[in-house]
Amino acid sequence: MLYALAGTLEQGLLYALMALGVYLTFRVLNYADLTVDGSFTTGGAIAASIIFAGGSPWLATAAAVIGGLLAGLITGLLHTAFRITPLLSGILTMTALYSINLRILGRANVPLLRADTVISRFNSWLPLDNIYGASLLGLIIVLLAVIGLYIFLKTEIGLALQATGDNEQMIRAQGVNTNHMKLLGLALSNGLVAISGALVAQNQQFADAGMGIGMIVAGLASVIIGEALFGKRTLLQHIIAVVCGSIVYRAVLALVLRLGLAPTDFKLLTALIVVIALASPQVRTWLGLTKNSRKRGSFDA
Amino acid sequence: MLELIDICKVFDKNTVNEKVALDNVSLTLNNGDFVTMVGSNGAGKSTLLNAVAGMFPLDNGSIILNGNEITHLSEHQRAAMIGRVFQDPLTGTAAHMTVEENLVMAWKRGQRRRLRRAIRFQERAFFREQLAGLGLGLEDRLTTKVGLLSGGQRQALTLLMATMRRPQLLLLDEHIASLDPRTAEIVMDLTCRIVEEQQLTAIMVTHNLEQALSAGTRTVMMHEGRIVLDIQGLERRRMDVLDLMSLFEKNSGTKLSSDRVLLAAKA
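Protein sequence lines correspond, in order, to chains A and B. According to the numbering used here, the first sequence is numbered sequentially starting from 1. According to the numbering used here, the second sequence is numbered sequentially starting from 1.
Careful: at least some of the hints might be erroneous.
To be verified - Chain A regions said to be covered by chain B (calculated; three or more residues, Cβ under 8 Å):
hint, stretch
1, 153–160
2, 170–178
Said to hold, decoys possible - From chain B, some residues computed to sit far from chain A (all C-beta separations above 10 Å):
hint, residue
3, 20
4, 92
5, 97
6, 105
7, 184
8, 243
Read the hints as simulated data drawn from the structure, not as lab findings. Only a predicted model underlies this, so the values are computations on that prediction, with no experimental measurement involved. Note that beta-carbon positions come from the ideal geometry of N, C-alpha and C, so glycine has one too.
Given the sequences, and given the hints that come with them, work out the whole structure.
As structure tokens, this is what we get:
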């Protein structure tokens, strides 16, 4: 039971970085970026290949981030330079990345059993053999990401990025090149996704070409669950909610697995969660449950 | 000084929907000119403003602002010199961001945006003072999301955002048309005050002929993509709404067809 709890927590935290990436594009930039399925694997593949070849795991993780940044940049260029729709730009990059990821891996699956990973390194610094090692490392990295993202979004450039997602015409009239903001947002987002892929690969001790399939829907599920349970009134609350949403999402999956569902049914379940979340406002209207008067009184005292 | 030289724009060229929106328009604004621009629907008023703002490339002609050729600059590059207020109050502000965040983004118009905290203590004090000048009580709502403000408040905020860093040119595209009459009056008074105080060069599109003559220093009328009337000084002061209407009919060779213009004239 303790192992299951530790497992859920570490999964939730490691995937939370991916969810933060999805939050950055879907919510902040208002851009439906499907690159994620590809860039997650790219992160895992780059990290695994370098570690497998005997490289430093920290270097491998850093290289994975760069791979993710580039993947996001390519999607952004397809959209901004060639005016391909956001959805299609992401799908194109994702598809191209599938081949690239196989090239990076060099085979279908790169095992990292007993390899030197950031998690084994981190564990070696801890006093005892600790089952929470990966969770603790995940927590530290997620905390850094949350704080970094929050501080960044409150800078002059960060505000311009937020405004690009909020009202493109407005921020262009204030002299901002919105194409640059989209490139920046997509690169950062996929950089986060790639770190997540790199850490997940090191934690599960393998990387394969299929590890990113359905990642975008899992990320969306985390964002939506987080918003529904923990709120999104302020920016910081919204960001933390996404992290918590990721943990809850992994907990739900673990629970369902214990109830006897096959792991292969996960994607179906994830899609259902997202459908339920997206459909619930409409269903509430049908059932006449929607309240007309929303409380706004004590807003922003 | 703004110089428009022979600017042309045809939309949907070589199709059945071909529409000549700007037909060799030339117009020179001296510094301090506050032009009110009238004309029936589809006359090319908004297109002219959008052309100056850089929302689409021209087919021909050039635009020169204070000696700088800006014809080929992109919209965001021109924004460094041009302040804009749009017809729709939702267009000029970011709804999910706070009043002070919107203001700081506007304060950085034409400046280099950096990776440093956008809003600090000094900015807050400055914004509070600026907002107090609007007289709408917005100075106490710095951290309110703009989406919670009324249309009039958002339009006043947009006006402040367009002018608090003095623009070389201010473009107002029917910016009070969608407000209720009382709010429209407040925002209009505010507009005239700001333009006067800062000695701005401005173009304001309006459907209200009365306002076209009472506000500003110069009135330009457009029809079918051309400027058919351009009056200022004594000639303008002597004119009333009915004169303006008949002049319009004479110049354009058509009866005024837009109900909005007629209604506005009666009001």
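Hint check results:
1. 153–160: holds (count 7)
2. 170–178: holds (count 9)
3. 20: Holds: least Cβ distance 25 Å, greater than 10 Å.
4. 92: 6 Å, violated
5. 97: Violated: least Cβ distance 6 Å, not greater than 10 Å.
6. 105: 5 Å, violated
7. 184: The claim holds: residue 184 of chain B sits with its nearest Cβ about 21 Å from chain A, beyond 10 Å.
8. 243: 36 Å, holds
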